[in-house]
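Using the sequences and the hints, build the whole thing.
Below, each chain spelled out in residue letters.
Number of protein chains: 2
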Amino acid sequence: MSKTQTPKIIWFFGLPGSGKTTIANHLKKRLIARGVNACVLDGDRLRKGLCNDLGFDMVSREENVRRAAEVAKVFWENGINCLCSFITPTYKCREIVRGILCQNDLMEVYVNAPLKVCEKRDKKGLFDKARKGIVPDFTGISSPFDPVGKVHLELPTHLMTVEESVTKCLEIFFDD
Amino acid sequence: MSKTQTPKIIWFFGLPGSGKTTIANHLKKRLIARGVNACVLDGDRLRKGLCNDLGFDMVSREENVRRAAEVAKVFWENGINCLCSFITPTYKCREIVRGILCQNDLMEVYVNAPLKVCEKRDKKGLFDKARKGIVPDFTGISSPFDPVGKVHLELPTHLMTVEESVTKCLEIFFDD
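Order-wise, the sequence lines are chains A and B.
Every number in this note's numbering is 24 more than the matching position in the first sequence, counting from 1.
Every number in this note's numbering is 24 more than the matching position in the second sequence, counting from 1.
Hint data in this document are derived by calculation from the structure and do not stem from the laboratory.
Wrong hints could be hidden among the right ones.
The list cannot tell twin chains apart, which means a pair is met if one copy fits it or any two copies do.
What the hints assert, rightly or not - Using 25 Å as the maximum straight-line C-alpha spacing, the simulated BS3-like pairs for lysine-lysine come out as follows:
#1 K72 - K148
#2 K97 - K72
#3 K53 - K147
#4 K72 - K153
#5 K174 - K140
#6 K116 - K72
#7 K53 - K97
#8 K97 - K174
#9 K147 - K72
#10 K174 - K116
#11 K192 - K174
Here it is, written out as structure tokens:
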């Protein structure tokens, strides 16, 4: 892996509970351990800060993703690999991301686990609350997740361990 | 300078044309050359991306500074020194920044040059347009810049070269 290659934006997207942030965090650790800079931008984290004024209706989700992509761009311009973890539920959200980020360096990774698996993993009980209508606009239950077209990499996390997913990312995106 | 010290947020603020971004960019270069990671967050740049939905009225300026501070926090959480360059014109704007960022690691640097000097440096003719009313809400002309209280460092850029300012920052904030 070259330390001097241009930085990349790895955009992990998929259902809540699919494993996006877990993979992003592990990938960051592996990159840092190799002396390659990297940061994680995570949807849940941004919701507590930069995007704490936004809701979960579709317009807010699009603005959420727009801000995330703009922040990722700033990291990228500063020469830092940016590992992004956002549901990015709709075609429009994905178009917004593509419209902001450099096509050559944006790597779209679909973190794909069946809804049932995501639901089983959920420790916070969010899926349960969503099914009961306590949490509204929940992706996969009461808010859409559009089908995924062509991506740079698909990670079926119900069939792969976190380490296998991370290793795959390193091989494909960082010439490991 | 230790590469392992906790990252800092250096918040350069002052009038347009005072030299904030120039100093931030040079400081970044000096840090990177020493193997210390650093990124620049610049008001003009964010206005073209993350904050391109905001105007220059006071509410927008406060939201602009809030978003900037939240992004700086993400860099900082990722272990990256963040050099921020924002006018931060009012007490309230400065309070917003302090409210978001860790007090121990936030270093406020007042980049202080007299209005006349800033105006002379202005290559884009913005001060001229502001005086003619073509550009509204321009800090120092038609929008306020509140007096500055206690800061970690003041850089009178009409009396110091860029290199002198950068060297001062390195000495004070990075144990150079």
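Going through the hints against the structure:
1. K72 - K148: within (16 Å within a copy, 37 Å between copies)
2. K97 - K72: Answer is both; intra-copy 20 Å and inter-copy 12 Å each pass.
3. K53 - K147: within (23 Å within a copy, 44 Å between copies)
4. K72 - K153: within (20 Å within a copy, 39 Å between copies)
5. K174 - K140: Answer is within: at 23 Å inside a copy they meet the 25 Å cutoff, but 56 Å across does not.
6. K116 - K72: For K116 and K72, both the intra-copy (23 Å) and inter-copy (21 Å) Cα distances are at most 25 Å.
7. K53 - K97: The answer is both: 21 Å in one copy and 19 Å across copies each meet 25 Å.
8. K97 - K174: Only inside one copy: K97 and K174 sit 22 Å apart there, 34 Å across copies, limit 25 Å.
9. K147 - K72: Answer is within; shortest intra-copy Cα gap is 19 Å, inter-copy 39 Å.
10. K174 - K116: within (15 Å within a copy, 47 Å between copies)
11. K192 - K174: within (17 Å within a copy, 51 Å between copies)
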